[in-house]
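Chemist: Spelled out from the first residue to the last, the chains are:
There are 2 protein chains.
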Amino acid sequence: MKEPFVAYIRKLQDTITSAIETIDGAATFQEDLWKRPEGGGGRTRVIENGAVFEKGGVNISEVHGKLPESMQQYFGVKDADFFACGLSLVLHPKNPMVPTVHANWRYFEMYDASGTIVDQWFGGGQDLTPYYLFDEDAIHFHRTCKSACDKHNISFYPKYKARCDEYFYNAHRQEGRGIGGLFFDYLKKSDTMTMKDWSAFVTEVGNSFLSAYVPIVEKRKDLLFTKQQKDWQEIRRGRYVEFNLVHDKGTLFGLKTNGRIESILMSLPPQVQWRYDHHPEAGSKEEELIKVLQNPKDWV
Amino acid sequence: MKEPFVAYIRKLQDTITSAIETIDGAATFQEDLWKRPEGGGGRTRVIENGAVFEKGGVNISEVHGKLPESMQQYFGVKDADFFACGLSLVLHPKNPMVPTVHANWRYFEMYDASGTIVDQWFGGGQDLTPYYLFDEDAIHFHRTCKSACDKHNISFYPKYKARCDEYFYNAHRQEGRGIGGLFFDYLKKSDTMTMKDWSAFVTEVGNSFLSAYVPIVEKRKDLLFTKQQKDWQEIRRGRYVEFNLVHDKGTLFGLKTNGRIESILMSLPPQVQWRYDHHPEAGSKEEELIKVLQNPKDWV
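In the order they appear, the protein sequences are chains A and B. According to my numbering, the first sequence is numbered sequentially starting from 1. According to my numbering, the second sequence is numbered sequentially starting from 1.
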């Protein structure tokens with residue numbers, strides 16, 4: 001299960017970074033190979049100051065070794081070894097009419113002292129964070145997610161769409177981080193799904209990413225925008241930072257287990273604003289967005 | 001103990017906001033009175049887009065009622081009532097040569113079912129976060145802290161200086177948030193200190209705040225700075241955000257117990273940058289700052 005998925009995310013990283021460079025037309029990804037002292041490492045690719053993308057990262061990592069203390073507690077196991085690999089991406093566009101996107105596909109194995117696999121699962125998803133809402137973009141993104149899901153089980157889309165709305169939620173602001181997409185975790189062998197079936201599902205979602213996001217970028221990247229609209233984007237990026245640093249389990253886990261800080265925090269936007277008690281004008285496009293974030297919609 | 005301390009922080013808020021408005025010369029504080037549904041409330045005062053201060057807040061709150069669930073767990077008590085009051089301030093100057101400052105002075109009481117005080121303590125401190133290091137400013141700030149401490153007990157300054165360096169530490173970056181000052185908590189009745197003695201100590205520190213900070217602002221506020229130096233300030237402000245959202249107990253506690261979000265998050269800087277894997281040039285003033293943040297100095 002492990003080798004083919006590692007090969008898959010390596011290839012997917014190439015496919016995605018190459019597509020993103022083509023759309024951007026100006027900037028290219030900077031690559032950093034890093035090693036984890038306790039075992040494994042990663043390939044971080046970051047794009048900055050592009051024509052379309054202000055900042056973004058498309059990273060893969062494959063790490064293994066003794067399960068860190070904090071994770072042993074979390075999973076309620078002792079002296080286990082683990083293997084984890086995944087691709088994580090965040091893209092922060094320059095134009096506030098283009099949404100930020102996040103995606104992640106990962107695979108995890110846990111071993112006992114004899115090296116036998118005692119647990120294994122897939123996780124991941126993809127979700128959209130717009131600054132201005134274009135219904136047709138939200139519908140396109142969610143429909144693409146649904147098509148990928150439906151090929152495997154028609155119950156997956158509603159289930160993982162709801163989990164995404166639940167997970168990417170800024171409880172202290174009582175609003176979603178964005179308009180969601182898919183989120184799934186602990187996808188394990190069951191009566192109806194083998195690990196191979198889950199692998200096929202997760203790679204199906206991974207393969208749908210570019211067709212879910214790229215058409216939206218193409219359609220919005222050349223729209224005109226004002227200084228006020230750029231400010232709004234930067235204020236909303238502040239909420240993105242709040243979610244990632246206060247609520248996101250992946251980020252906090254990375255920060256507390258000596259992960260590679262720069263690869264973890266590449267998700268943070270390039271320019272961010274916090275204003276005191278900022279509220280959009282009644283009836284504005286900005287207020288319309290907030291209302292949708294407070295009450296997730298059924299987009300398909 | 002409660003009434004005089006409440007009266008003290010109300011008056012101190014007036015003194016500090018009035019002094020800050022005078023130095024700024026352009027902006028004034030906007031005041032928001034708020035009520036906490038479960039009991040008590042506060043007076044938030046925020047300054048934005050000033051000539052000297054880009055953003056800042058000087059807030060007081062007096063809250064009471066049933067001790068929230070999360071706090072009961074934290075203190076290992078059941079069905080307790082509480083009273084808490086304090087003044088919290090953060091000032092983010094425009095000029096990167098002027099340091100950001102944070103201070104807090106607070107008092108807490110816990111009651112049993114009959115309304116009897118079962119526990120009470122003071123806490124607080126003040127600390128400096130420079131973007132460019134002027135040794136004489138750091139020395140002035142720490143000496144002022146030390147003078148206030150020494151009037152009560154010569155062991156206080158070294159103890160609370162060390163606690164400040166420990167507390168305001170970005171573990172995931174392996175560097176201090178700033179160059180410290182004082183931090184103390186759970187100041188309770190002991191063989192040598194009555195609650196009245198602690199009150200005298202905490203108000204002494206509160207009274208020292210303006211003389212610790214204002215001379216530094218006066219000296220640096222009109223220095224020239226470049227776009228690169230402003231960028232550096234905004235990148236360092238990113239570390240400030242990381243500390244407040246990832247590590248600061250007060251902020252996280254507020255976010256998780258339904259505090260007034262805008263009063264809590266007024267501490268976040270107005271304009272912030274995150275760049276991937278940013279490192280200052282070897283031998284630069286920026287690198288010099290980092291070295292001191294990695295190895296706290298004895299300033300007095």
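A portion of the hints provided could be inaccurate.
What the hints assert, rightly or not - With a straight-line Cα cutoff of 20 angstroms, these simulated SDA-like cross-link-like pairs (lysine to any residue) come out:
id, chain 1, residue 1, chain 2, residue 2
1, B, Lys-297, B, Ile-139
2, B, Lys-256, B, Pro-37
3, B, Lys-256, A, Tyr-169
4, B, Lys-291, A, Glu-262
5, A, Lys-219, A, Ser-114
6, A, Lys-159, A, Tyr-186
7, B, Lys-230, A, Gln-294
8, B, Lys-256, A, Tyr-186
9, B, Lys-35, A, Lys-230
10, B, Lys-188, B, Met-110
11, A, Lys-230, B, Ile-139
12, B, Lys-94, A, Lys-219
13, A, Lys-256, B, Asn-170
14, B, Lys-188, B, Arg-163
None of these hints come from the bench; they were simulated from the model.
Chemist: If any of the earlier hints don't hold here, list their numbers in rising order.
Modeler: As far as the earlier hints go, 5, 7, 8, 9, 11 and 12 are violated by this structure, in ascending order.
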